[in-house]
Amino acid sequence: MNAYLFIDLVVAGLVTGGIYAVVALGLNLQYGLMRIMNIAHGEFLMLGAYLTYTMVRLTGLSPLWFIAPMMLVLFLLGLLLHRLIFRRLAETSPNAEAMEARSLIVGFGLMFIAQNAAQLTWGGGMSGQPYLDQAVHFGEVTVAANRLLVLVVVAAASLALVLVLKRTLLGKAVRGMLQAPLGAMLVGIDTRTLHPACFGLGLALAGLAGGLLSMVYELTPAMGEPYTISALIVITLGGLGNIPGAIAGAVLLGLVETFGMYYTSPSLKILISYGVLVGVLLLRPKGLFAR
Amino acid sequence: MKQDNVFLVAAALATLLLAALPALDAPFVQSLALSCLMYAGLAVSWSLFSGPTRYLSLATSAFFGLGAYCTAVGLAHLPWPLVVIAGGLAATLFAFLIGLVVLKLRGAYFAVITYGLGELVKHTITHVEKTWSGTVGRVMTETPSSNVVYWSVLLIALLAVVTYVRFGASRYGHALRGIGIDEERAATLGVNPMRVKLAGFCLSAWFAGALGAAMAVRWTYIDPNTVFNPFIVFQTVLISMVGGPLTVGGPLLGALVFSLLSEFLRLSLPYLYMILLGVLLIVSVLYLPDGIAGHDWRAMCTRVARRWFKAAPAVEPPHE
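Chain order of the listed sequences is A and B.
Residue 1 is where the first sequence starts when you use the working numbering, and the numbers rise one by one after that.
Residue 1 is where the second sequence starts when you use the working numbering, and the numbers rise one by one after that.
To be clear, the hints were calculated from the coordinates, so they are not data collected in a lab.
This structure is a prediction, so every number in the text was calculated from the model and none was measured.
Each residue gets a CB set at the ideal place from its N, CA and C atoms; glycine is no exception.
Fair warning: there could be bad hints in the mix.
Pulled a few chain A residues facing chain B out of the computed Cβ check, cut under 10 Å [as the list claims (entries may be wrong)]: (1) LEU84; (2) ALA101; (3) THR236.
Model the full structure from these sequences, guided by the hints.
Spelled out as C-alpha cells, the structure:
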C-alpha cells in the first residue's frame with residue numbers, strides 16, 4: 001500500500017473520528033448523568049449546521065464567527081428542553097430502565113419535530129457552502145484546509161472538556177455524579193443546576209460538530225441520524241460515562257469506517273456502522289475497555 | 001374471564017360487520033379501513049409482548065419487511081394463504097434467532113439493538129439485491145384482488161386480538177407480566193424468563209410478518225426502503241403507547257384515531273403531521289404513561305373536582 005494513500009486515509013479517519021468524539025461526548029454526558037437516551041442527538045447537530053449555514057448566507061461572513069453564538073443558542077435550547085420535558089420525566093420515572101425507555105420515545109418525538117421543522121424551514125434538498133476548501137500541502141500529502149480546521153477544533157474541544165472534567169472542581173462534581181448519583185447529592189453537589197447545564201452542554205457540542213460539518217459537507221434535514229448511530233456505537237465501545245474511552249472509541253470507529261469503506265465500497269458505510277453497533281452490543285455490552 | 005369472552009364476542013361481531021364492507025363498493029372507505037386494520041393488528045401484536053414486559057421492541061419494521069419480501073419472492077409459486085402464513089413464519093424465525101441474544105439486554109440497549117438489527121436487515125437486503133439480483137425493488141404481477149387483501153388483513157387483525165386476550169389470560173401471559181414488574185423475582189418464583197420472553201417475542205413477530213406479507217401486494221412494486229420503513233415501527237409504538245399497551249382496547253382505539261388523522265393530514269400537510277405526531281408522542285409519555293385506556297381517568301376527575309370544589313368557597317366571599 002502506498003504510504004501517502006495510507007496517510008490520506010488516516011487523516012480522513014481522524015476527521016470523522018473527531019466529529020464522532022464531539023457528538024458522542026455530549027450524548028455520553030446526557031446518558032451517563034441523567035439516563036437520557038437522546039435518540040434526537042444528531043438532530044441538534046443538524047440544527048447547528050443549518051443555523052450556521054443560514055447566518056453565513058445572510059451576512060456573508062466566515063462561518064467561524066457564528067460557531068460560538070450558535071452553541072450558546074443550542075445550550076439555551078437544551079436548558080429549555082430539560083425544564084419542559086426531562087425534569088418531569090426524571091421525577092415521574094420509577095427506575096433507571098423506565099427513564100431510559102421513556103426518554104428514548106421522547107427522543108423519537110423530538111426527532112420527528114426537528115427533522116420536519118427543518119424540512120419546512122429550509123426545504124428537503126441539499127444545501128451547503130464550502131468554506132476553506134483549498135488544499136494544503138505537507139510535502140507529498142495533500143489535505144483540504146477545512147478538514148484540517150475541523151480536526152484542530154474538535155481535538156481542542158475534546159481536550160478542553162477532558163481537562164475541565166479532570167482538573168476543575170466543577171469537573172470533579174460531574175465525575176462524582178457519573179460514578180454515584182445519590183452519593184453526589186449527599187456530599188452537596190447541586191444536581192438541579194448541573195443536570196440541565198450538562199444537558200445543554202451536550203446540545204452545544206452537537207451544534208459545534210454541525211457547524212464544523214457545514215463547512216465541509218452538504219446539509220439535509222436527515223443528516224443527523226447517522227451521527228446519532230455513530231455516537232451510540234462510540235459510547236457503547238467506550239463504556240458508559242467513560243470520557244477517555246469515548247474519545248478512543250470515536251477515533252477507532254472513524255478509522256474502521258474509513259478503511260472499511262476504502263477496501264469494500266462506500267455503499268457499505270451504513271452496513272459497517274450497524275454491523276459494528278450490533279456486534280459490540282452483543283459481544284461487549286459494557287464497552288471495550290471494561291474490566 | 002367472563003369479561004374477556006364478552007369482549008371476544010363483540011370483536012367477532014365487529015369483524016362480521018367489517019367483513020361486509022366491500023359490499024358497499026366504497027373504495028376510499030375500504031382503503032381507510034384497511035390501513036386502520038393493519039395498524040390495529042401491528043399495535044395489538046406489539047402490545048402483546050412489549051406491553052406486559054416493558055421491553056421496547058423496535059423490530060416491527062424488520063418483521064413487516066421480511067413478510068413483504070416473502071410475498072415478493074413466493075407469490076408466483078405458492079397459493080395466497082400459504083404466502084401470508086410463510087411471511088409470518090419468516091418473521092418468527094428471525095425473531096427467534098435474534099431473540100436468543102437480544103432478549104438478554106434490557107432498557108434502552110434492547111430498543112437500540114432491535115432498531116439496529118432492523119436497519120441491518122434493510123441494508124443487507126438492499127446490498128444483496130443490488131449485487132446479486134441486479135435490482136433494487138421487485139414488481140409483483142398477478143396480485144390477488146383488493147377484497148381478498150382486505151379480508152386477509154381483517155382476519156389477521158382479529159387473530160391478533162383473540163391471541164392478545166387468550167395469551168394474556170394464560171400462564172405465559174401472567175409470566176410475561178411478572179417479568180415486566182420484576183424479572184429476578186419472576187425467575188425466583190419458577191418462571192424461565194428466557195423461554196417466556198422468546199415465546200412472546202416470536203408470537204408477536206408472526207403477526208407483523210403476516211401483515212407485511214398481506215400488505216405487500218398493495219404496492220405492486222416494493223423495495224427495501226418502503227417495506228422496512230422505520231415509520232412503520234414508530235407509528236405502531238405511538239399507537240400502542242398513546243392508546244395504552246396494557247389493554248387490548250387501547251391499541252385498537254389508537255389505531256382508529258391515528259389512521260383517520262394520518263389519512264386526512266398526511267397527504268395535505270405531511271411535515272406538520274409528523275411534527276404533530278412528535279408532540280403527541282412526548283405529551284403522552286409525560287402525562288399518560290399508561291396510555292388513554294390505561295390511564296386512571298376516575299382518579300384524575302376526582303382530583304380535578306376536589307380542587308375545583310375546594311377553590312369554590314374561596315371565590316364566593318362569606319356574607320353574614
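**Study point:** Restraint check, 10 Å cut-off on beta carbons, for A:LEU84 near chain B
**Key:** 9 Å, holds
Check your understanding: Taking the least C-beta to C-beta distance, is A:THR236 closer than 10 Å to chain B?
Key -> 8 Å, holds
Practice item. So, A:ALA101 near chain B? Judge it on the closest CB pair being under 10 Å. Key: 5 Å, holds
Violated hints: none; the structure is consistent with every hint.
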